[in-house]
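There are 2 protein chains.
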Amino acid sequence: MENLRASEAQRVILDAITRQDVESVSLERSLSRVLGEDIRANRDLPPYDVSAMDGFAVRSADVAGVPVTLQIIEDIKAGDMPSRVIHAGQCARIMTGAPVPQGADAVIRVEDTQVISPSSVQIGNTASAGNDIRPQGESMRNGDVLLKKGTEITPGVIGVMATAKAAQFAVFRRPSVAILSTGNELEGMGDPVDPNKIPDSNAYALMAQVQALGIEPVLLGIARDDPVELEQYLRLGLQYDVLLVSGGTSVGVHDYVRPTIEKLGVQMKFWRVAIRPGHPLAFGVTNTSAVFGLPGNPVSSMVCFEEFVVPALRHMMGHRRLYRRTVTARLAHPVESSQGRTSFIRVQLTGDSAGYVASSTGTQSSGVLLSMARADALLVVPAGSNGIAEGEDVTVQLLDGTVFQETIGFRE
Amino acid sequence: MENLRASEAQRVILDAITRQDVESVSLERSLSRVLGEDIRANRDLPPYDVSAMDGFAVRSADVAGVPVTLQIIEDIKAGDMPSRVIHAGQCARIMTGAPVPQGADAVIRVEDTQVISPSSVQIGNTASAGNDIRPQGESMRNGDVLLKKGTEITPGVIGVMATAKAAQFAVFRRPSVAILSTGNELEGMGDPVDPNKIPDSNAYALMAQVQALGIEPVLLGIARDDPVELEQYLRLGLQYDVLLVSGGTSVGVHDYVRPTIEKLGVQMKFWRVAIRPGHPLAFGVTNTSAVFGLPGNPVSSMVCFEEFVVPALRHMMGHRRLYRRTVTARLAHPVESSQGRTSFIRVQLTGDSAGYVASSTGTQSSGVLLSMARADALLVVPAGSNGIAEGEDVTVQLLDGTVFQETIGFRE
Numbered sequence: 001m002e003n004l005r006a007s008e009a010q011r012v013i014l015d016a017i018t019r020q021d022v023e024s025v026s027l028e029r030s031l032s033r034v035l036g037e038d039i040r041a042n043r044d045l046p047p048y049d050v051s052a053m054d055g056f057a058v059r060s061a062d063v064a065g066v067p068v069t070l071q072i073i074e075d076i077k078a079g080d081m082p083s084r085v086i087h088a089g090q091c092a093r094i095m096t097g098a099p100v101p102q103g104a105d106a107v108i109r110v111e112d113t114q115v116i117s118p119s120s121v122q123i124g125n126t127a128s129a130g131n132d133i134r135p136q137g138e139s140m141r142n143g144d145v146l147l148k149k150g151t152e153i154t155p156g157v158i159g160v161m162a163t164a165k166a167a168q169f170a171v172f173r174r175p176s177v178a179i180l181s182t183g184n185e186l187e188g189m190g191d192p193v194d195p196n197k198i199p200d201s202n203a204y205a206l207m208a209q210v211q212a213l214g215i216e217p218v219l220l221g222i223a224r225d226d227p228v229e230l231e232q233y234l235r236l237g238l239q240y241d242v243l244l245v246s247g248g249t250s251v252g253v254h255d256y257v258r259p260t261i262e263k264l265g266v267q268m269k270f271w272r273v274a275i276r277p278g279h280p281l282a283f284g285v286t287n288t289s290a291v292f293g294l295p296g297n298p299v300s301s302m303v304c305f306e307e308f309v310v311p312a313l314r315h316m317m318g319h320r321r322l323y324r325r326t327v328t329a330r331l332a333h334p335v336e337s338s339q340g341r342t343s344f345i346r347v348q349l350t351g352d353s354a355g356y357v358a359s360s361t362g363t364q365s366s367g368v369l370l371s372m373a374r375a376d377a378l379l380v381v382p383a384g385s386n387g388i389a390e391g392e393d394v395t396v397q398l399l400d401g402t403v404f405q406e407t408i409g410f411r412e
Numbered sequence: 413m414e415n416l417r418a419s420e421a422q423r424v425i426l427d428a429i430t431r432q433d434v435e436s437v438s439l440e441r442s443l444s445r446v447l448g449e450d451i452r453a454n455r456d457l458p459p460y461d462v463s464a465m466d467g468f469a470v471r472s473a474d475v476a477g478v479p480v481t482l483q484i485i486e487d488i489k490a491g492d493m494p495s496r497v498i499h500a501g502q503c504a505r506i507m508t509g510a511p512v513p514q515g516a517d518a519v520i521r522v523e524d525t526q527v528i529s530p531s532s533v534q535i536g537n538t539a540s541a542g543n544d545i546r547p548q549g550e551s552m553r554n555g556d557v558l559l560k561k562g563t564e565i566t567p568g569v570i571g572v573m574a575t576a577k578a579a580q581f582a583v584f585r586r587p588s589v590a591i592l593s594t595g596n597e598l599e600g601m602g603d604p605v606d607p608n609k610i611p612d613s614n615a616y617a618l619m620a621q622v623q624a625l626g627i628e629p630v631l632l633g634i635a636r637d638d639p640v641e642l643e644q645y646l647r648l649g650l651q652y653d654v655l656l657v658s659g660g661t662s663v664g665v666h667d668y669v670r671p672t673i674e675k676l677g678v679q680m681k682f683w684r685v686a687i688r689p690g691h692p693l694a695f696g697v698t699n700t701s702a703v704f705g706l707p708g709n710p711v712s713s714m715v716c717f718e719e720f721v722v723p724a725l726r727h728m729m730g731h732r733r734l735y736r737r738t739v740t741a742r743l744a745h746p747v748e749s750s751q752g753r754t755s756f757i758r759v760q761l762t763g764d765s766a767g768y769v770a771s772s773t774g775t776q777s778s779g780v781l782l783s784m785a786r787a788d789a790l791l792v793v794p795a796g797s798n799g800i801a802e803g804e805d806v807t808v809q810l811l812d813g814t815v816f817q818e819t820i821g822f823r824e
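From first to last, the protein sequence lines stand for chains A and B. My numbering numbers the first residue of the first sequence as 1 and each following residue consecutively. My numbering numbers the first residue of the second sequence as 413 and each following residue consecutively.
There could be a bad hint or two in this list.
Each computed EDC-like pair below joins lysine to aspartate or glutamate, with the alpha-carbon atoms no more than 16 Å apart [stated by the list, open to error]:
| hint | chain 1 | residue 1 | chain 2 | residue 2 |
| --- | --- | --- | --- | --- |
| 1 | B | K489 | A | E8 |
| 2 | B | K561 | B | D456 |
| 3 | B | K489 | A | D225 |
| 4 | B | K675 | B | E718 |
| 5 | A | K197 | B | D456 |
| 6 | A | K269 | A | E8 |
| 7 | A | K197 | B | D492 |
| 8 | A | K149 | A | E23 |
| 9 | A | K77 | B | D637 |
| 10 | B | K609 | A | D80 |
| 11 | A | K263 | A | E229 |
| 12 | A | K197 | B | D461 |
| 13 | B | K561 | B | D461 |
| 14 | B | K609 | B | E643 |
| 15 | B | K609 | A | D44 |
Far from chain A, by Cβ distances over 12 Å, these chain B residues were calculated [said to hold, decoys possible]:
| hint | residue |
| --- | --- |
| 16 | G477 |
| 17 | E643 |
| 18 | R758 |
| 19 | D812 |
For the record, the hints were derived by calculation from the structure and aren't laboratory data. Bear in mind the structure is a predicted one, so any value in this text is a computation, not a measurement. C-beta atoms are modelled at their ideal positions from N, C-alpha and C, and glycine is treated no differently.
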């Protein structure tokens with residue numbers, strides 16, 4: 001099979017997997033999930049016309065010419081119901097959020113008034129009908145759909161859900177994810193240090209990438225380069241919705257994993273993608289599972305996860321936003337392209353809101369995981385590019401950890 | 413006390429609080445925490461010079477003139493140790509990650525070779541010393557500090573930690589956070605619907621904002637407008653590292669909360685900040701707690717949390733990146749300024765990597781929480797601005813939910 005382009009591989013993956021079904025969660029446990037049902041308003045809010053300010057509820061006709069002195073006939077606090085109708089020449093003192101009394105059609109804020117006596121106030125400003133009144137149902141109207149199925153649950157959405165008193169509701173399930181490391185040369189976290197072995201960092205980096213999406217993965221451990229052992233582990237892994245197989249550095253997924261995985265009925269969709277780093281990257285499905293064969297190289301593994309597994313897992317969880325956020329940055333130094341392959345270069349971002357500057361985190365040798373730890377973003381170099389010159393605008397994908405920045409970043 | 417500017421208020425807050433002490437966590441539970449100690453390498457990686465490619469380990473002098481045929485004296489796989497020295501005219505077949513044998517100083521990748529017999533190979537390319545060899549210690553050198561105290565733990569960092577086999581280590585504690593709602597007009601989540609009351613959405617929106625920072629807050633409930641009840645609740649709340657008091661819409665923190673909070677020994681630092689929405693915003697400290705008095709209005713409460721509580725909580729957790737990420741966007745329509753106050757306008761972002769376009773999420777009435785639910789970002793309008801025209805570049809702060817986007821956003 002020829003090398004797929006990155007976007008073609010993403011498309012193949014998204015076409016081969018399906019969104020999870022729904023489950024019920026409590027409001028308290030719903031952050032970052034995706035709504036599996038429409039949420040409707042269960043009341044009008046505000047329940048009646050209310051004042052948007054502390055001030056005086058008036059008839060707008062009465063304040064057409066100002067200053068004018070009006071009679072205060074009532075004090076209305078939030079939670080109070082007005083007991084009197086406002087007639088010509090009258091007004092009511094009113095607090096923010098309190099119901100506007102019958103007869104009144106505008107509120108004059110307290111700054112534009114001067115109380116003359118306990119029962120009279122001078123109004124200094126005119127106001128048209130509706131001024132500083134929040135009309136009944138402005139925030140929500142009983143029965144209206146407030147939030148559609150498919151909405152990602154942010155803190156603002158949770159505020160709306162609480163307003164509708166949605167204490168329990170449907171969200172899309174999270175897929176179960178298993179992570180399997182392969183290779184004789186790998187040393188497990190609990191094993192003693194052996195200079196002839198390589199610590200299995202991939203499983204933990206992948207674990208954290210999965211956790212960052214809100215999923216708690218299962219680490220199956222390390223399968224040695226033995227067909228029987230590998231088959232046992234793969235069989236176990238295929239009981240999960242998604243299985244991530246991280247190849248050892250010595251043995252590609254092609255050598256040991258390929259025959260075993262095909263024997264277990266996995267229908268492989270591709271084995272290679274034209275990206276760098278990222279050779280080899282494999283993907284297949286069974287009726288119930290999706291399997292990603294990730295490179296054994298730590299950086300390649302993380303980059304492939306970002307580009308291909310993140311969109312897949314987010315799609316399964318019902319998200320519409322599947323891809324890492326991109327921003328434009330100025331390139332601090334020239335970069336080379338990798339003809340025929342889309343390159344992802346680890347960069348740090350500096351600069352301010354006027355513009356980001358992207359500079360390499362150091363050696364791009366795919367073995368140097370520290371460069372990934374230091375990276376804020378991945379700079380994308382198109383496959384057809386002949387390299388990019390210093391000072392040019394480039395597209396970078398923001399990685400985890402870039403949600404916040406060190407400086408305030410705006411002019412107040 | 414006069415109205416502080418936003419940055420002055422942030423400074424007062426950060427000066428008044430301290431970073432938490434450290435606690436030990438496992439690698440599996442460490443994502444998004446901040447390292448409370450330096451992490452050192454416990455080995456050289458690679459442990460010796462290893463091949464970066466599948467190919468043949470050669471003496472570079474032997475391949476100065478090509479093509480040349482060399483004798484294959486050994487096969488070295490990853491995990492194997494070479495048993496023989498490469499002499500002039502000899503080479504070894506070598507796999508990626510396998511140790512380079514003595515005598516050899518370069519690797520020729522398999523694509524540039526042609527095997528002639530089981531014991532001889534023709535080399536088609538020259539190579540200088542070091543070619544396609546990853547030198548011992550390239551990824552990490554035993555004893556070196558890999559990650560400094562203060563590093564935010566991203567998936568890439570977790571990969572490095574796993575490489576150093578750091579299974580348990582110190583991170584800065586998360587502060588405990590309590591949320592208290594105040595106001596007679598509020599209806600609790602479990603209460604029946606009462607059209608004369610307002611559902612207490614603030615507590616849940618704040619809960620989610622706190623959760624988004626990785627902290628599980630405690631919801632204390634609703635304190636009614638009664639000095640005795642309020643004092644009991646505030647006393648309870650001051651047992652937490654951070655207390656968020658959300659004012660009812662009718663009764664500002666000034667009216668009921670102020671005398672009670674001062675009676676309890678809270679040293680108030682300010683009561684107002686010159687931002688919109690956001691009136692009133694109060695902040696004070698005891699020896700053990702920080703107290704934020706947030707506006708009762710749902711949108712104002714969320715905006716104040718973003719601008720003032722987020723940096724505080726992140727500082728307490730040891731982060732250096734305290735502020736929401738800002739990007740530049742083109743304004744889709746003119747916006748008005750709020751003279752003397754920095755305005756934060758809820759916007760949606762569209763456009764592609766070439767540039768974001770910011771457009772208002774609809775009414776900016778601070779009561780309309782749906783506009784916050786729909787927002788991708790907060791557009792910052794400086795206090796001294798006379799408004800901003802359509803098409804101008806503006807600074808926006810990215811909110812939760814904008815880590816991902818709907819389209820791939822780059823050219824491959």
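Structure-based check of all given hints:
no. : hint              : in the structure
1   : K489(B) - E8(A)   : violated (34 Å)
2   : K561(B) - D456(B) : violated (21 Å)
3   : K489(B) - D225(A) : holds (12 Å)
4   : K675(B) - E718(B) : violated (28 Å)
5   : K197(A) - D456(B) : holds (11 Å)
6   : K269(A) - E8(A)   : holds (11 Å)
7   : K197(A) - D492(B) : holds (10 Å)
8   : K149(A) - E23(A)  : holds (13 Å)
9   : K77(A) - D637(B)  : holds (12 Å)
10  : K609(B) - D80(A)  : holds (10 Å)
11  : K263(A) - E229(A) : holds (14 Å)
12  : K197(A) - D461(B) : holds (13 Å)
13  : K561(B) - D461(B) : violated (30 Å)
14  : K609(B) - E643(B) : violated (23 Å)
15  : K609(B) - D44(A)  : holds (11 Å)
16  : G477              : holds (28 Å)
17  : E643              : holds (21 Å)
18  : R758              : violated (8 Å)
19  : D812              : violated (5 Å)
In this structure, the hints that do not hold are numbers 1, 2, 4, 13, 14, 18, 19, in rising order.
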